[in-house]
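Participant: Listed in order, the protein sequences are those of chains A, B, C and D.
213 is the number of the first residue of the first sequence in my numbering; add one for each residue after it.
213 is the number of the first residue of the second sequence in my numbering; add one for each residue after it.
213 is the number of the first residue of the third sequence in my numbering; add one for each residue after it.
213 is the number of the first residue of the fourth sequence in my numbering; add one for each residue after it.
One or more hints might be untrue.
Stated by the list, open to error - Restraint-style ranges between C-beta atoms, simulated for each label pair:
no.	chain 1	residue 1	chain 2	residue 2	range
1	A	Asp364	B	Leu386	45 to 53 Å
2	D	His263	B	Lys362	54 to 62 Å
3	D	Ala267	C	Val397	27 to 35 Å
4	B	Lys362	A	Met389	51 to 59 Å
5	A	Arg357	B	Gly379	35 to 43 Å
6	C	Ala269	B	Met389	23 to 31 Å
7	D	Met389	A	Asp260	43 to 51 Å
8	A	Asp260	B	Leu386	58 to 66 Å
9	A	Asp364	B	Asp246	40 to 48 Å
Unchecked claim - If you want the ones that stay clear, here's a sample from chain A, every Cβ over 10 Å from chain D, calculated:
no.	residue
10	Ala229
11	Asn294
12	Thr332
13	Gln381
14	Leu386
15	Phe390
16	Val404
The set of hints was computed from the structure by calculation and includes no laboratory data.
From a predicted model like this one, the values you see are computed outputs, not experimental measurements.
Here a beta-carbon is modelled for each residue, glycine too, at the ideal position from N, C-alpha and C.
Number of protein chains: 4
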Amino acid sequence: MAMFYNQITGGSIERLAALSDGIFAVAMTLLVLDLHGPVREAIHGEADLRHALLAMAPQIVAYLMSFLTLGIFWNGQQAQLNHFSRSNQRLTWIHLAFLFAVSIMPFSTRLLAEYILFRTALIAYWANILLLGAVLFVSWRYARRARLLKDDVSREISCAMERRITGAQALYALGAMFCYFGNYVSIAFIVVWAYMCIAWYPQLVPLE
Amino acid sequence: MAMFYNQITGGSIERLAALSDGIFAVAMTLLVLDLHGPVREAIHGEADLRHALLAMAPQIVAYLMSFLTLGIFWNGQQAQLNHFSRSNQRLTWIHLAFLFAVSIMPFSTRLLAEYILFRTALIAYWANILLLGAVLFVSWRYARRARLLKDDVSREISCAMERRITGAQALYALGAMFCYFGNYVSIAFIVVWAYMCIAWYPQLVPLE
Amino acid sequence: MAMFYNQITGGSIERLAALSDGIFAVAMTLLVLDLHGPVREAIHGEADLRHALLAMAPQIVAYLMSFLTLGIFWNGQQAQLNHFSRSNQRLTWIHLAFLFAVSIMPFSTRLLAEYILFRTALIAYWANILLLGAVLFVSWRYARRARLLKDDVSREISCAMERRITGAQALYALGAMFCYFGNYVSIAFIVVWAYMCIAWYPQLVPLE
Amino acid sequence: MAMFYNQITGGSIERLAALSDGIFAVAMTLLVLDLHGPVREAIHGEADLRHALLAMAPQIVAYLMSFLTLGIFWNGQQAQLNHFSRSNQRLTWIHLAFLFAVSIMPFSTRLLAEYILFRTALIAYWANILLLGAVLFVSWRYARRARLLKDDVSREISCAMERRITGAQALYALGAMFCYFGNYVSIAFIVVWAYMCIAWYPQLVPLE
Numbered sequence: 213m214a215m216f217y218n219q220i221t222g223g224s225i226e227r228l229a230a231l232s233d234g235i236f237a238v239a240m241t242l243l244v245l246d247l248h249g250p251v252r253e254a255i256h257g258e259a260d261l262r263h264a265l266l267a268m269a270p271q272i273v274a275y276l277m278s279f280l281t282l283g284i285f286w287n288g289q290q291a292q293l294n295h296f297s298r299s300n301q302r303l304t305w306i307h308l309a310f311l312f313a314v315s316i317m318p319f320s321t322r323l324l325a326e327y328i329l330f331r332t333a334l335i336a337y338w339a340n341i342l343l344l345g346a347v348l349f350v351s352w353r354y355a356r357r358a359r360l361l362k363d364d365v366s367r368e369i370s371c372a373m374e375r376r377i378t379g380a381q382a383l384y385a386l387g388a389m390f391c392y393f394g395n396y397v398s399i400a401f402i403v404v405w406a407y408m409c410i411a412w413y414p415q416l417v418p419l420e
Numbered sequence: 213m214a215m216f217y218n219q220i221t222g223g224s225i226e227r228l229a230a231l232s233d234g235i236f237a238v239a240m241t242l243l244v245l246d247l248h249g250p251v252r253e254a255i256h257g258e259a260d261l262r263h264a265l266l267a268m269a270p271q272i273v274a275y276l277m278s279f280l281t282l283g284i285f286w287n288g289q290q291a292q293l294n295h296f297s298r299s300n301q302r303l304t305w306i307h308l309a310f311l312f313a314v315s316i317m318p319f320s321t322r323l324l325a326e327y328i329l330f331r332t333a334l335i336a337y338w339a340n341i342l343l344l345g346a347v348l349f350v351s352w353r354y355a356r357r358a359r360l361l362k363d364d365v366s367r368e369i370s371c372a373m374e375r376r377i378t379g380a381q382a383l384y385a386l387g388a389m390f391c392y393f394g395n396y397v398s399i400a401f402i403v404v405w406a407y408m409c410i411a412w413y414p415q416l417v418p419l420e
Numbered sequence: 213m214a215m216f217y218n219q220i221t222g223g224s225i226e227r228l229a230a231l232s233d234g235i236f237a238v239a240m241t242l243l244v245l246d247l248h249g250p251v252r253e254a255i256h257g258e259a260d261l262r263h264a265l266l267a268m269a270p271q272i273v274a275y276l277m278s279f280l281t282l283g284i285f286w287n288g289q290q291a292q293l294n295h296f297s298r299s300n301q302r303l304t305w306i307h308l309a310f311l312f313a314v315s316i317m318p319f320s321t322r323l324l325a326e327y328i329l330f331r332t333a334l335i336a337y338w339a340n341i342l343l344l345g346a347v348l349f350v351s352w353r354y355a356r357r358a359r360l361l362k363d364d365v366s367r368e369i370s371c372a373m374e375r376r377i378t379g380a381q382a383l384y385a386l387g388a389m390f391c392y393f394g395n396y397v398s399i400a401f402i403v404v405w406a407y408m409c410i411a412w413y414p415q416l417v418p419l420e
Numbered sequence: 213m214a215m216f217y218n219q220i221t222g223g224s225i226e227r228l229a230a231l232s233d234g235i236f237a238v239a240m241t242l243l244v245l246d247l248h249g250p251v252r253e254a255i256h257g258e259a260d261l262r263h264a265l266l267a268m269a270p271q272i273v274a275y276l277m278s279f280l281t282l283g284i285f286w287n288g289q290q291a292q293l294n295h296f297s298r299s300n301q302r303l304t305w306i307h308l309a310f311l312f313a314v315s316i317m318p319f320s321t322r323l324l325a326e327y328i329l330f331r332t333a334l335i336a337y338w339a340n341i342l343l344l345g346a347v348l349f350v351s352w353r354y355a356r357r358a359r360l361l362k363d364d365v366s367r368e369i370s371c372a373m374e375r376r377i378t379g380a381q382a383l384y385a386l387g388a389m390f391c392y393f394g395n396y397v398s399i400a401f402i403v404v405w406a407y408m409c410i411a412w413y414p415q416l417v418p419l420e
């Protein structure tokens with residue numbers, strides 16, 4: 213009987229991927245929904261509008277960072293799904309937990325953009341990233357143990373996947389710690405690091 | 213002529229699944245869109261922000277519960293779609309009714325989060341869950357009678373599907389009744405129960 | 213050269229269907245995003261909240277009508293896409309125009325819900341439905357003339373498709389004219405008619 | 213080792229297309245979310261509402277232009293994806309950059325609609341379009357050099373793809389320069405030009 217319900221639900225990687233793409237797409241687009249333009253009353257001429265837009269620069273950097281982060285994790289999840297031969301009920305729920313972490317990213321970003329000089333906001337933002345990484349790590353470990361990986365996934369690939377997540381999380385943690393020197397130092401570190409990984413990827417230690 | 217229009221429309225499980233994934237993805241992400249951070253004016257330092265975030269905890273629990281619930285019903289609908297050999301016009305409309313219930317979930321959640329101590333809000337929330345379950349039950353019954361199920365769906369599986377829905381609804385109803393002892397008791401019961409079902413699934417009576 | 217660019221773009225029914233499902237999913241869910249719960253300050257007890265929710269009933273009917281309408285047109289577009297053997301640049305643009313009409317539906321609905329007693333709002337709403345039907349009609353006509361239909365689409369099916377659209381539009385127009393007797397008469401007519409078509413479909417004259 | 217991580221991630225055109233469709237769908241629908249109806253307090257009768265809706269005309273034109281633009285770029289990206297035999301990590305990131313430009317389109321549109329007489333808003337809007345075109349150009353160049361194109365993509369098609377992008381961008385730049393004569397001249401030029409390209413496409417120089 214225990215195996216029985218598992219046959220009824222779960223199993224389809226395709227629909228999990230479809231739901232994931234949907235949630236990522238909405239989360240990535242909603243990020244920018246919170247970018248409110250300058251308030252109409254304060255703008256009296258072209259110069260005012262130009263200054264108001266320039267004053268949004270740090271806010272835009274925070275959104276760009278979140279878009280990058282979501283892009284990185286979208287890639288990371290896709291890499292995992294590509295290596296699963298099938299899913300089961302429990303793996304599906306691990307990925308739903310991952311998607312929950314994705315769906316709260318717009319909230320964390322809004323919080324950070326509004327309180328960009330508050331350490332608490334940066335820590336909350338980092339906690340969100342940590343959650344994303346942790347769930348992805350659990351997902352891979354579980355899939356490996358429950359023998360849900362494809363046959364061509366060697367032990368080497370499997371270890372590389374886990375190393376990527378832990379390595380990237382170590383760097384995010386380092387970046388978060390830099391908030392000791394101010395939040396902008398943290399953010400700059402994370403953005404530059406993410407950019408480097410994307411641009412020189414895969415020559416560098418990969419970032420998840 | 214009666215059969216004629218049926219051939220024209222309906223029939224495609226794939227596009228129904230795609231629309232469903234899209235609506236679930238938007239509904240699940242919109243849930244969190246309503247999580248408004250603390251108001252800027254009330255925050256004068258790190259401690260204020262930390263307290264304001266902690267004060268959001270019950271609100272976050274309400275959203276987590278809705279995400280869980282939507283996840284459970286996404287799984288439930290997927291299980292059904294996997295067992296349909298084809299669709300027809302009427303089955304498509306039953307699932308559109310189901311998707312309507314999904315799309316009002318962010319509204320019910322917002323209502324509950326804002327009026328978390330009001331019994332009326334909890335009853336409205338529960339009515340939404342009841343609607344989700346009822347439509348899903350009707351969908352399976354109809355598909356079975358209209359012979360839209362795949363050939364390998366035994367009578368046993370079929371009964372198990374219906375039992376899952378009625379069993380889960382009974383528990384949701386029980387949880388809603390606990391609002392007699394206060395809304396937090398109800399919410400705690402539902403969240404704990406959902407978590408247990410997900411974690412020990414399928415050993416336990418499954419929850420839909 | 214004229215044929216040349218056509219080969220470069222267009223052509224894929226699959227991605228058009230995916231974009232359509234996405235836009236329908238977002239539009240259908242956004243409808244309910246505008247359902248704002250009662251204002252916190254006005255609610256002093258359970259009875260207040262219950263009355264405030266009951267007072268939302270007409271608003272909810274307007275949203276239900278829009279969900280039904282979008283469901284009907286989603287079915288209609290799906291029926292067409294199922295019968296296309298391939299697409300071209302122009303047909304893709306006709307469907308993008310259709311999707312534009314879909315994407316302004318939340319705006320029309322919000323307008324109607326807020327100004328539910330104003331004839332102007334009802335006319336604007338009906339104009340949106342007319343646009344949906346007109347573009348869908350143009351799409352089918354064009355596909356037939358440009359020989360983009362599958363080979364098994366008989367002249368009979370083809371005429372039936374066009375009759376469905378014009379028949380349904382005639383009824384929507386009739387419904388809109390009933391606003392002479394008040395907007396609620398119009399809305400009731402449209403909702404009841406839509407429900408009848410869905411429930412007794414395909415025995416009745418089908419509604420698109 | 214360098215090739216190793218590339219095998220792990222990237223590679224799937226299908227999921228990139230799915231994410232793109234999702235982001236386009238959300239962005240296209242969110243455009244209209246910002247179309248706020250007239251304020252309730254200012255409307256005392258049918259005539260007021262009619263005038264208020266007519267007064268929204270320029271705003272609606274701005275949104276229509278953005279929908280057209282997104283439709284054009286959706287076509288353009290689709291054309292590219294259709295010609296890729298596979299993807300790699302770097303190409304995926306180029307397309308994520310493209311999707312970032314898509315996701316900020318609702319922000320640029322809102323800015324333009326609110327500050328429709330400000331040259332700064334029009335320049336910001338045009339910069340967004342320039343970014344879309346530039347990233348799409350880089351994407352094609354990179355795919356060609358990294359040999360990610362399908363075998364049947366001749367040098368002729370390849371040059372045509374690049375010419376389309378540069379040609380269209382030249383016209384968008386010309387349109388933006390027309391803001392010297394007022395923003396409405398610019399907007400009218402872009403809308404008319406886009407419409408012509410869509411209607412007489414592919415006989416005309418194609419617009420990307």
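Participant: So, for every hint listed, does it hold in this structure?
Facilitator: Evaluated hints:
The beta-carbon spacing between Asp364 of chain A and Leu386 of chain B, approximately 48 Å, falls within the hinted interval of 45 to 53 Å. The hint said 54 to 62 Å for the Cβ distance between His263 of chain D and Lys362 of chain B, and at roughly 58 Å that hint holds. A beta carbon spacing of about 29 Å between Ala267 of chain D and Val397 of chain C agrees with the range 27 to 35 Å that was offered as a hint. Between Lys362 of chain B and Met389 of chain A the CB atoms are about 55 Å apart, so this pair conforms to the stated range of 51 to 59 Å.
Distance hint check for Arg357 of chain A and Gly379 of chain B: the Cβ-Cβ separation is about 30 Å, which falls outside the suggested range of 35 to 43 Å. For the pair Ala269 of chain C and Met389 of chain B, the beta carbons lie near 26 Å from each other, so the given range of 23 to 31 Å is met. Taking the beta carbon of each, Met389 of chain D and Asp260 of chain A are about 23 Å apart, not inside 43 to 51 Å as hinted. Between Asp260 of chain A and Leu386 of chain B the C-beta distance comes to about 60 Å, which sits within the given range of 58 to 66 Å.
Between Asp364 of chain A and Asp246 of chain B, the C-beta spacing of about 44 Å keeps the proposed range 40 to 48 Å intact. Annotated as non-interface, Ala229 of chain A brings its C-beta within 10 Å of a C-beta of chain D; the closest such distance is 6 Å. The claim that Asn294 of chain A is not at the interface with chain D is violated, since a C-beta of that chain comes within 10 Å of its own (minimum 7 Å). The Cβ of Thr332 of chain A sits about 27 Å from the closest Cβ of chain D, beyond the 10 Å cut-off, so the non-interface label holds.
No Cβ of chain D approaches the Cβ of Gln381 of chain A within 10 Å, the least distance being about 17 Å, so the stated non-interface status holds. The non-interface label for Leu386 of chain A is consistent with chain D: the shortest C-beta to C-beta separation is roughly 21 Å, beyond 10 Å. Against chain D, the non-interface label of Phe390 of chain A holds: every CB pair exceeds 10 Å, the least being about 24 Å. Under the 10 Å C-beta cut-off, the non-interface status given to Val404 of chain A relative to chain D holds; the minimum distance is some 15 Å.
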